[in-house]
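Chains as they are written, first to last, in my numbering: chain A, 360 to 790; chain B, 102 to 521.
Everything labelled a hint here was simulated from the structure, so no lab data went into it. It should be emphasised that the depicted structure is a prediction, and the values quoted were computed from it without experimental measurement. We put the beta carbon where it would ideally sit given N, CA and C, even for glycine. Possibly wrong hints are sitting among the right ones.
Stated by the list, open to error - Derived lysine-lysine pairs resembling DSSO-like cross-links, with alpha carbons at most 30 Å apart:
hint, chain 1, residue 1, chain 2, residue 2
1, A, 656, B, 461
2, B, 391, A, 498
3, B, 391, A, 474
4, A, 656, B, 346
5, B, 334, B, 352
6, B, 501, B, 198
7, A, 506, B, 241
8, A, 364, B, 213
9, A, 783, B, 279
10, B, 241, A, 656
11, B, 352, A, 498
12, A, 506, B, 430
13, B, 279, A, 719
14, A, 719, B, 213
15, A, 506, B, 346
16, B, 284, A, 664
17, B, 461, A, 580
18, B, 352, A, 770
19, B, 427, A, 498
20, A, 506, B, 284
21, B, 430, A, 496
22, A, 656, B, 228
23, B, 213, A, 656
24, B, 450, A, 474
Said to hold, decoys possible - So, partial list: chain A residues that the calculated Cβ filter (under 10 Å) puts toward chain B:
hint, residue
25, 369
26, 394
27, 395
28, 442
29, 496
30, 506
31, 507
32, 599
33, 685
34, 689
35, 717
36, 722
37, 727
38, 733
39, 755
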Amino acid sequence: MTIKKVIIKKTNDILYTEVLDNGLHIFMIPQNDINTTYVSFTTRYGGMHNEFIPFGEKKMRKVPEGIAHFLEHKMFEQEDGVDPMLFYSQNGADVNAYTSLYATSYHFSCSDYLKENLEYLLNFVQAPYFTDENVEKEKGIIEEEIKMYNDNPYSLLGEGIRANGFKNHPLKHPIAGTIDDIRSITKENLYTCYHTFYHPSNMFVVVSGKFDVKEVLNIIKENQSSKEFEKNNTITLKRFKEPDQVVNSYEEKQMNVEVFKISYGIKMPIKNIKMEPKRRAIYLAIMFESLFGSTSKFKEEMKEKGYLISSVSLGTYYTDDHLFVTISADTEYASELLAAIKETLNNSEVSEEEFNRKVKVVASDEIYTYEDAEYVNRHIVDNLVIYNKYYPNMDDILNNLNMDEFNKLRKQLDFNNTTSLVIKPFVNKGV
Amino acid sequence: MEYRYHEGKAYNLHLLKTKKFKTITVLITFKRKVKKEEITIRSFIHSILLLSSKNFPSSRLLSTEAEKLYAPSIEATENIVGNYAVTSFYMAMINDKYTEPGTNNKCMNFFKELLFNPNIENGGFNKNNFNIIKNEITAKLKSIKDSPRYYSEVRMLEHLDPTSPVSYRRGYLEDLDKIDEVKAYEYYRGMLHSDMVDVFVLGDIDFDAVRKTVDDMIPINTIKKQKEGIYVKHKTIRKRAKVVKEEENVKQAKLVIGCKLNNLSDFEIKYVLPVYNGILGGPSYSRLFKSVREQNSLAYYIYSNYRRVNNLLTISSGINKESFDKTVKLIKTEINNMAKGNFDESDLKRAQQDIVNIIKNIEDKPYRLINNYSWQVLYDLDDIETRKKRVFDVTVDDVKKIGKKVHIDTIYLLHGGDDN
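Start from the sequences, fold in the hints, and give me the full structure.
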């Protein structure tokens, strides 16, 4: 158990990492010329983890959709009746949490009382208190939250395109579940999920901004050694057999919108691509940015023709077997725009000049990241969730990217297995 | 941080030197008194300038050039702030000691090119580019209902007072056809001529060098003076709140309550109002959050917001349509409790601490810090250090007193009708 230190060459920041005996990983990156400390406490458990062997059991079990998000809400209920939100606001801190498909994260920021606030974070996330009554109460609140998402065309667009892409994999479900799903959640299955996924060995703490490394480490160590945990337990998640084909190649939905929204999803098998996922992700980002981003021919042409009236937003989702990239935009010419996206992918070549320029942009983004301690924290969390690893010196990867490897990867990817979703106004304007 | 201010005839320059950041951020604001009939044409200017320029005549060429300069982040916004229309241009660039010496000057030149060397043809903006922006603005104005939460706030303000700048939209579809590339260019030239301009530069900078760079950059030499105050005053205060319910195809009903603020003193506007708002419905564990969400499970979100320059406080929540009466009653109870002083000393302390934290957080991020300085100028606020101290001068009595000046004016509900 020793502390590891890595210098971030580009900015001279230092990343400290340590693993405690109970398996909890700690990542610290101090930036002491600012006022605020940012702390996050994350479990690798998110909206898509709904079939698994529960802790202490032997058989695979399915729990209701939306339970990770429900659990996140319920962690804010404590046995002493004090709401963590209230505790934090009285201690000069701002607390919040989010659930993604892949993880649940609890985080706060403060400029004073770091010790109290940090201990409280570890304590409230490690002290579940679910009762029939408090579980029922939360259902009303989450129902309103789900209705709010259902009124948001972009959130429906994201959920809809995933549902069209995946047949079996739980990526097809909305993170918060449906109203029917959450009605079936009980305190028992909340505890089951909690005990399976909230073990320290499945979690990590990230601290950034203003703090003293030794002090923070001691606070965490003392806190953790005063608690008892079950022995490390390997989590067994269900492996889904997912076909390479999308479920639906085209779908239209009507909604209370005035302008059409489209999303184009490309489902690519990646089992046969042998490349470090981070490296693959950088290549893919360069490719899709070049093809659809601000410097692309596509964007220029579509804007001039009037087919594109927003920027293009790109999304990436991954499973063990597939990569799912989404391209979304606002338009008055849904079918024309979809056809143009398809055509652009048919000729996905990127010039060497463009490739090198984009690499330089990725390198610049890295510096912008370290400018903002709050963003650094999120950046580390995201990398740990996706790659199970943090890359403090991206230049080590960027400096040996090359066109040949890029082109080889590009040719290995199959862009033909696609699905489209069009959200259109109620008044029939014709697509 | 060291602050230097140069008052000029054509523009004012604010220089902020700190070693805290790895970037240098530049903000240039243009402002003038808002006129409803100018809002739509004005909304073209910031977008069209960032789309192309004389030397980089398409958005693709322009973006490519930016990437070559280590991708400075360039953005622009158009806002109505009280009685003024404010256009802001931002550029954040990496301090070139982290990249390549000379890049910062190149970025400044590039920024100058965008703002002051537009892509002009036949006495107007390039027609193609004009049309691209027109399409985008049309779509934006048409799709205002895509966000029910935003739309309900807009509608509430229109019911509150359709003649006041507080209710102006970001543009009007019916004005679009009156605008062409020539008129837009004329409007732009008018901005250079008559708008009041402030320039802010933040980062590890050399005062004299930056002053000279900015002087070379800004080709404005007209003299102007701010005549009218930015704060909006309400003409009338309703004795009984107006209740309006409108129907749209939404699943969750949106409740928005507008409260007019009357006769606030300088101290109340600057210090008591944020504290009042923090206790009632502010960012953390507020009275409204506790009552409406935690105790009664009526909503996922409920918060209050103050718009200082508009003398307005608004309360927003997403609820079930059937819970309208109950929710409004709970909100009214909380507003009455504020005026009676029925809240805890700890609520006051919490709200004060929240405000200090928000200020401290502003200091940590270049974008927020530079905005803060522009607000200080716009709203005539005290500096950061003074604000951090004076917020603690606010007492329970101050909050009670301001509570009596909060008048519920409009209660608005956007709902999905009986089928939903």
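The hints, checked one at a time:
1. 656/A x 461/B: Violated: residue 656/A and residue 461/B sit about 43 Å apart, past 30 Å.
2. 391/B x 498/A: holds, 16 Å
3. 391/B x 474/A: Since the Cα atoms of residue 391/B and residue 474/A sit roughly 26 Å apart, the hinted pair holds (cutoff 30 Å).
4. 656/A x 346/B: violated, 47 Å
5. 334/B x 352/B: The given pair, whose Cα atoms are some 36 Å apart, is violated under the 30 Å limit.
6. 501/B x 198/B: Roughly 53 Å between the alpha carbons, so the hint for residue 501/B and residue 198/B is violated.
7. 506/A x 241/B: Roughly 23 Å between the alpha carbons, so the hint for residue 506/A and residue 241/B holds.
8. 364/A x 213/B: The given pair, whose Cα atoms are some 43 Å apart, is violated under the 30 Å limit.
9. 783/A x 279/B: holds, 28 Å
10. 241/B x 656/A: holds, 23 Å
11. 352/B x 498/A: Between residue 352/B and residue 498/A the Cα gap is close to 17 Å, so the pair holds against 30 Å.
12. 506/A x 430/B: holds, 23 Å
13. 279/B x 719/A: violated, 44 Å
14. 719/A x 213/B: Holds, because 23 Å separates the two Cα atoms, which is no more than 30 Å.
15. 506/A x 346/B: Within the cut-off at roughly 19 Å; holds.
16. 284/B x 664/A: holds, 23 Å
17. 461/B x 580/A: holds, 29 Å
18. 352/B x 770/A: Given that 30 Å is the threshold and the Cα spacing comes to 45 Å, the pair is violated.
19. 427/B x 498/A: holds, 18 Å
20. 506/A x 284/B: Violated - the C-alpha atoms of residue 284/B and residue 506/A are around 44 Å apart, more than 30 Å.
21. 430/B x 496/A: holds, 20 Å
22. 656/A x 228/B: Status holds; Cα separation ~19 Å.
23. 213/B x 656/A: At roughly 25 Å apart (the allowed maximum being 30 Å), residue 656/A and residue 213/B satisfy the hint.
24. 450/B x 474/A: Distance of about 20 Å is within 30 Å: holds.
25. 369: Constraint on residue 369/A satisfied, holds at 7 Å.
26. 394: holds, 4 Å
27. 395: holds, 5 Å
28. 442: For residue 442/A, the interface hint holds, since the closest Cβ of chain B sits about 6 Å away, which is under 10 Å.
29. 496: Holds: closest Cβ of chain B sits about 5 Å from residue 496/A, inside 10 Å.
30. 506: holds, 4 Å
31. 507: This interface hint holds because 5 Å falls under the 10 Å limit.
32. 599: violated, 30 Å
33. 685: Violated, because the Cβ-Cβ distance from residue 685/A to chain B comes to roughly 19 Å (cut-off 10 Å).
34. 689: holds, 6 Å
35. 717: holds, 7 Å
36. 722: At 8 Å from the nearest chain B Cβ, residue 722/A passes the 10 Å test, so the hint holds.
37. 727: Because about 7 Å separates residue 727/A from the closest Cβ in chain B, which is inside the 10 Å limit, the hint holds.
38. 733: This hint holds: residue 733/A lies near chain B, its Cβ roughly 8 Å from the closest one there, short of 10 Å.
39. 755: violated, 17 Å
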